[in-house]
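Number of protein chains: 2
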Amino acid sequence: MSRLVNPTDLSFLLNDVFAMGKLAEFNRYQDYDAEAMNSVLAMAEKIAESDFLPHNSKADANEPTFDGETITTIADVKVAWQKYAESGLLSARHDYDAGGMQLPALLSMACNSYFMAANPATAAYPFLTTAAANVIQAFGSVEQKAHFLPGMFSGRFAGTMALTEPDVGSSLGDLTTKAKPHTDGTYRLSGQKMYISGGDQDITENIVHLVLARIEGAPAGVKGISMFIVPKFLVTDAGDIGARNDVQLAGLLHKMGYKGTTSTVLSFGEQGNCVGYLVGEAGRGLQYMFKMMNEARVGVGLGAAMIGYRGYLESLAYAKERPQGRRVSNKDPESKPIAIIEHADVRRMLLQQKAYVEGSLALCLLAARLVDEHEAGGDAESGILLDLLTPIVKSYPSFYGPRANDLAIQVLGGAGYIREYPVEQCYRDNRLNPIHEGTHGIQGLDLLGRKLWQHEAKGQKLLLGRIQNTLMAASAYPELGELVKRYQVALKPYMETTLELGQALLGGDAEKTLANASVYLDVMGKYVVGWLWLEMAVKALANKALAPEFVQGKIAAARYFMRWELAEAEVHLQRLKEQDDSWFSIENEWL
Amino acid sequence: MSRLVNPTDLSFLLNDVFAMGKLAEFNRYQDYDAEAMNSVLAMAEKIAESDFLPHNSKADANEPTFDGETITTIADVKVAWQKYAESGLLSARHDYDAGGMQLPALLSMACNSYFMAANPATAAYPFLTTAAANVIQAFGSVEQKAHFLPGMFSGRFAGTMALTEPDVGSSLGDLTTKAKPHTDGTYRLSGQKMYISGGDQDITENIVHLVLARIEGAPAGVKGISMFIVPKFLVTDAGDIGARNDVQLAGLLHKMGYKGTTSTVLSFGEQGNCVGYLVGEAGRGLQYMFKMMNEARVGVGLGAAMIGYRGYLESLAYAKERPQGRRVSNKDPESKPIAIIEHADVRRMLLQQKAYVEGSLALCLLAARLVDEHEAGGDAESGILLDLLTPIVKSYPSFYGPRANDLAIQVLGGAGYIREYPVEQCYRDNRLNPIHEGTHGIQGLDLLGRKLWQHEAKGQKLLLGRIQNTLMAASAYPELGELVKRYQVALKPYMETTLELGQALLGGDAEKTLANASVYLDVMGKYVVGWLWLEMAVKALANKALAPEFVQGKIAAARYFMRWELAEAEVHLQRLKEQDDSWFSIENEWL
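Chains as they are written, first to last, in our numbering: chain A, 1 to 591; chain B, 1 to 591.
Since the hints were made in silico from the structure, they are not lab data.
Since this is a predicted model, take the numbers as computed values, not measurements.
Same chains, same label: a pair holds when it works inside one copy or across any pair of copies.
Here are the simulated EDC-like cross-link-like pairs (lysine to aspartate or glutamate), alpha carbons at most 20 Å apart as the crow flies:
1) Lys223 to Asp332
2) Lys259 to Glu420
3) Lys461 to Glu496
4) Lys320 to Glu589
5) Lys320 to Glu587
6) Lys223 to Glu281
7) Lys544 to Glu589
8) Lys259 to Glu63
9) Lys512 to Glu578
10) Lys458 to Glu500
11) Lys320 to Glu342
12) Lys485 to Asp580
13) Lys145 to Asp95
14) Lys331 to Asp446
15) Lys336 to Asp167
16) Lys259 to Asp60
17) Lys485 to Glu578
18) Lys78 to Glu63
19) Lys577 to Glu565
Bound conformation, chain A alone:
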């Protein structure tokens, strides 16, 4: 089996659960028959296996260095970048006209799953570049596109998103980077950004920063924020590298994991000559950034899911091979030791991981399927549902992916804790995911304070409709009787409580209600992933061509999920319903 993702599972998710074949019915994807899709997938898997996986641990042990002038990254990263660029994947989602492949989002997500499992730190460079290019494609001027996109699509230029500032953190409305209009219609930027991934590196000829800044005289808060393209080197009209722009690396930050990706502090305009190009309209920077951000959030979810998945496969392989101990009932010390997978507690840790990571991957692929339905299929409802689910897609895998990696370490025991084995790196890498692109706290507020109620709560109705369809389909299978019942029983208080929280937000003390937003985020995540587990069980039973052990595995994980994971959510729902104030009403001095 591949070390990156179980191929049967990925194929099952793409074909049985998310009907990838039907995407060709959309005009945009008409060229994507099964053969075309499989060849793209095979290409991605091959590059991930050959050029990303082999240096995953090496890049961790040899993080980029900065001597005050030059950054040095191990050469393997550049090779991987080039292979990725040569494959065409940097522009894969874009129109044929723009040099792209019009690749379905679902297929793109599946390709990305290989890279995230193989080497999330190196994969960050192409993924950030793709996200930045998407923003320029969506909101940039004709000239800006002509100037920057060819380099970004071909791999000569990388992209970044430069939002965070040292004193501002998640509170983007407070950012202070300034932009002063210049006589030639461009701007001169000044300020400092922090935690900018890929903010400098020695891999590409140029770097295209998308920078949020405040034009002189702009109002305070988010409405005063504009977006600028700030290249490391100016680009000539012919597309060549021009003069060095006044954006400097002030220093590298040293992360616990994800070490292969530079994390930077950048200074803009120390010499007073940092050229920036306004993207779209002034004051709409945050809005534009959120196009990128929403994609990035789904990308974070996928990264978390796949680092979790990688750990699951590693610990599964270890558990099948490692002999140790005997069954509890066997008192004969001369009998042969058994593989540790025979110990029930090891199976518990594997089953939990399976539930988390396969559920998380399903969730991310669902998000991609919704993108396709919305963008290529023109289905507005799918867009609304995607909008509702984005905080979940970002946060569920970010929370449970690291939990899975924690369990992977535990399965390996002492071996799991040493760098001679790969799972401890997974654990460190994955810990970034609940933080970047909006922490859990931010996702919770976004979900409970906003997303649930947008479009007159239509997203909720759409979600519920899909859940009901799955429950209906599942009811046809006696094997799933217990699971359906558990989910149905659990669904009622969830719906009631959600409604009550909505009323409380309108009529009551919103601050008190939102104090529990992170809990709601976790609870809703369990309901959404629980639904997907039921859906997987249904689809697995429906496909008679699948191996029985694969089908049984899906049912077993779904059963575990309902009995344990969803059951925990019920307790938390109870506290939400009571509008519990355990932390809301305490004083700072009590801590």
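Put chain B on the given structure of chain A with help from the hints.
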């Protein structure tokens, strides 16, 4: 406030909760009046702050290296070792006659709490040495004591425990290291050990390994295991360093955290001349080791608690200082940002940490109090209760300490993930604790399969008696009404289910019942720590001299614990009661 432990909390736990002052009533501790106790504590705190804390991060960034011949450790570790040795703490718990201080276990545990918070990796050297010396003191011959203890007490020699072998892991009964009787009454050992902490280093003149091995012709399984003293250098009758013994460092292992402590692979007898001295009787090695192991397990619990505690204090300080964002209800972008502790979700993460780490520290101190009652007070019941609780003392902090560190990272956000701040190291260091000295899985089996039922389940009765006393005392405080009620309601199903599990173990399929042992371990941990939270609330309310915010903090954390943590345990209990087979009954191929 100290960065190591909240002094008010430690003083409260020692004096109000565990009545440290009453220890002087025991004959052995009669010299320990309040002044004597406080001066020992102050000394430990000073050494921890001055000589352990400053190189905690440096030792992490510069882990020991081995060039095939020599190990090199940063010099600070040796200095810290020497200061610790000079303080007399290495032999502090031993008799005056043996050169010790007859220090109460409770006081010793409090001293250790400073070192564990300051620098768990460097603290491992003295703690391992103390544990090894205790075994020699308890089971060694007069000659062995005379040979090795003076060096171990003075800091010239360090100690280790060498159990694990590469192919054996937790299944100690399968270990294969051999011991061959020699004509002079000593033994010649041969074999390999792995994951031996401090197995080699450049800090002390000599290292005294306690090695488990099998004497030629010994039966298979645990009954064939004997314990040997194997010094790195032989020791002359005059106590001087003699010839180099045939135990060699085969290599260092490279851990994710705890990097300052060497983790080694040791080869015994490659030249056929590894001298070992049998400790006590042949075939009783595991039994002797368990004296050390039980102490080490409590020590692991303390380490996990204190690394958690350190992270809590760091994140608390950060949350009070770091301005970011505004209250949800404040829409004015020109208003001043607030400290992040003002955000309810940050308070949630701090309160959760407080509940985990102060609860864990209380648990460890309880264990120490029981040691004193048993060993110095002669109370057999306290020994029985300690025995029952040891798996909990090891595992609850090991599970929830890392959870606390995870939350500490999240409070700091991006800053939490970089090595420029201390909490990511806490997260990495603490991840060792659920693994070494018996994994969670092992603790669970020990608890549910054995400890609960020893001495005709007397431990359970003793625990329940103490819980009832606390509930009674708490009933006197109206402020605690809700908490008492929640605990009482939760206690009934716990007792019933425990009884049912006991019956199932006798009459049913023990293997099926024990499949859920890890869950039981976690559940019982929550009941025990929940009880201690109630006890802390009672004792805080009872002491009118305490600052009101300290008392309110204890009540708030206790309330949180009952509402959220204990509530989760109730769901898990439900599954335990049903003898859930979610992972017991699956096939390996389904994973």
